[in-house]
Amino acid sequence: MKRRKFIWLSGTGIAVATLPWLTSCQSSQWTPILSVPSVLGQFCSETELMAIGNSYIERVPKESKISAIEKQLLKAEAGNPFDPSSEKSLQDFISKMNDRDFSTDQTIILNGWVLSQTEARQCALFFLTHTS
Amino acid sequence: MHIDARKLETKSFIKGDICIVGAGTAGISMAMEWINSGAKVILLEGGGFEYDDKVQDLYAGKTTGQRYFPLKSARLHYFGGTTGHWSGFCSTYDPIDFEKREWMEHSGWPISKQDLDPFYVRAHPYLELGPYEYDLKYWQQRDPELIPVVDNEVVWNKIWQFSPPSRFGKTYREPIVKAKNIHLYTYANVVDIKANENLTSIDSVIAKNYAGKELHVKAKYFVLACSTIQNARLLLAANKQTAKGLGNDYDHVGRYFMEHLEIKSAELWLTRPDQLKLYEYDATRRPRAELAISAEVQRKHSILNGTASLTPLEVARRQKAIIDMWSDEDPRKSLDSLQAGFSEDEKPQPNQKHQAFELFTRIEQAPNPASRITLDEEVDELGMPRSKLHWVLTSLEKRSLRKIYELIGQQVGRVGAGRVKLMEYLHDENDETWPAFTGGGWHHMGTTRMSDNPKSGVVDQQCKIHSQNNLYMAGASCFATAGAANPTLTLVALTLRLSDHLKSKFKNGDV
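In order, the protein sequences belong to chains S and H. Heads up, the first sequence is in my numbering, so the first residue is 417 and it goes up one at a time. Heads up, the second sequence is in my numbering, so the first residue is 406 and it goes up one at a time.
What the hints contain is simulated information worked out from the structure, not anything from laboratory work. Please note that the accuracy of each hint is not assured.
As the list claims (entries may be wrong) - So these bits of chain S aren't anywhere near chain H, every CB distance computed over 12 Å:
hint	residue
1	T447
2	I449
3	V476
4	P477
5	R516
6	T545
7	T547
Unchecked claim - Looking from chain H toward chain S, a few residues come up when the C-beta cut is under 7 Å (computed):
hint	residue
8	K505
9	E811
10	G814
11	G818
12	L827
13	H832
Ideal Cβ placement from N, Cα and C applies to all residues, glycine included.
Use the sequences and the hints to build the structure in full.
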């Protein structure tokens with residue numbers, strides 16, 4: 417199976433105070449970053465990521481829209497505030513969410529992969545952004 | 406001393422203090438303990454010192470239920486028994502293996518791990534193992550490169566040691582043959598057991614061979630040590646005086662046959678390629694670890710005990726399933742096939758780093774009365790009914806397997822080491838079927854299970870048949886549960902414990 421290592425897309429100008437896009441179905445300026453699970457992306461082909469994302473949406477149909485998933489992904493928590501000031505801070509935020517998920521057993525098995533809830537959503541986002 | 410039973414008179418009568426039936430791992434371990442003991446020990450072996458296909462054929466039988474290896478090639482029938490081709494994997498059972506677990510029906514031994522500990526120590530030299538050390542830290546002090554991929558309160562690293570492997574037939578032939586008080590009879594296949602009138606104790610056993618000779622052996626104590634399947638077969642076939650067979654008042658003999666499920670289960674993908682030396686099975690046969698689930702977490706999730714071994718994925722993907730490689734009735738041909746499947750060029754190169762590993766499971770099966778040995782209508786050439794194995798698994802095995810890899814996956818993710826991917830047959834949590842490549846480890850256990858109460862098992866905690874005063878079982882047939890580890894070390898430890906018990910009785914003149 418073809419596997420590829422995903423390279424983070426270079427973000428530009430990620431500094432927005434309000435989040436009007438969260439209520440819409442459209443992708444946001446953070447979507448390219450959010451939609452690539454950094455660890456899983458090292459092991460899976462795009463096709464496999466798409467399939468995982470599709471499985472997530474089938475399992476959790478209420479999160480079948482980009483906005484709904486991004487809303488879930490960007491939920492700030494105590495000790496891990498959402499800081500959209502840079503690509504790096506966004507990556508750190510997601511990384512901490514992943515760590516939290518694994519530490520609290522918030523995991524899900526999709527297509528055989530034992531994933532954090534966060535990276536499962538990232539796959540769903542990947543699927544949606546590539547099919548919409 | 407050694408006597409070839411083919412050269413005896415047509416009908417011979419012999420008498421000893423202890424009669425051990427079977428010169429395999431358990432039988433030889435016990436006989437070694439009795440050298441120069443002052444007791445006259447009769448050691449009966451069905452085969453000779455070398456493989457003989459005609460003798461081996463006495464082990465042939467039918468299998469139904471879950472696909473299994475041919476019974477004829479699943480054990481070896483000569484002096485030394487199955488150590489003649491075993492691979493030497495050894496580890497202790499865990500304390501939880503002996504406990505009553507509410508989620509596992511029929512679990513619980515009447516003895517604990519603590520009861521076996523001193524005998525594990527004594528079993529080590531017989532199997533030519535290293536120091537009795539199964540703590541990861543001990544081995545890390547000797548090799549700091551033994552770094553676990555994960556080691557915490559959920560997933561721990563269970564150590565295995567490797568016997569050279571000891572070939573009991575070669576290693577212990579000389580001391581046994583030279584021992585004046587050990588009377589080894591080869592080509593003496595026990596085919597019947599004769600009890601007294603009240604059926605409370607054994608009077609004699611009858612052995613036969615292809616030369617048409619018959620041997621009647623009387624002793625104060627009898628120990629059946631001829632493997633899990635054969636132990637049950639002998640008791641069931643001893644049905645002239647009692648229709649159900651000896652020790653079978655409550656219909657337990659032959660039931661609760663257990664194996665270790667051995668099956669490819671998942672993949673471990675690392676964020677940073679690594680050798681993972683701790684888990685390597687290399688030519689030096691140094692100790693290695695397998696990933697295991699802590700007892701507390703097993704309790705929390707009500708799962709069975711099992712472990713995962715690691716093999717570089719590119720190597721594992723080239724290997725066929727063991728059950729497919731070991732399919733010939735002739736154990737020599739099956740062994741050739743297996744060895745070809747694991748040939749040198751398939752093995753990982755030393756010090757090579759890998760990004761992905763196959764996770765291969767060895768897991769206990771839950772004790773199950775429906776999984777059993779019975780007698781076939783067909784008889785072997787010595788007139789003894791052949792064995793039939795009906796191997797049955799339960800939904801608990803599948804659920805446990807899936808949970809184990811979910812737990813390992815969670816912990817691997819938690820420590821940032823990578824991700825785990827379950828194989829397809831584990832994707833659907835409602836799927837209770839098993840793939841065609843599901844196999845066992847040739848680990849036969851449980852057909853004369855140990856229990857406090859005759860209503861729930863066959864032997865007591867001293868391995869004595871509940872209903873008999875002088876009939877004991879040695880080996881893995883006494884196991885009440887299968888544990889996660891290969892059974893050889895534990896069966897030797899249990900045999901040494903039985904040996905001590907019999908020695909104390911012998912010393913006290915108890916008959």
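Hints, verified against the model:
1. T447: Non-interface label stands for T447/S: nearest chain H Cβ at 23 Å, farther than 12 Å.
2. I449: holds, 19 Å
3. V476: V476/S is indeed farther than 12 Å from all Cβ atoms of chain H, at 16 Å.
4. P477: Non-interface label on P477/S holds, nearest chain H Cβ at 19 Å vs cutoff 12 Å.
5. R516: Check fails; 10 Å does not lie beyond 12 Å.
6. T545: holds, 22 Å
7. T547: Nearest chain H Cβ is 22 Å from T547/S, so the label holds.
8. K505: At about 27 Å, which exceeds the 7 Å cut-off, the nearest Cβ of chain S leaves the hint on K505/H violated.
9. E811: holds, 6 Å
10. G814: holds, 3 Å
11. G818: holds, 4 Å
12. L827: holds, 4 Å
13. H832: Given a least distance of 5 Å, the restraint on H832/H holds.
Against the hints set out earlier in the document, violations occur for numbers 5, 8.
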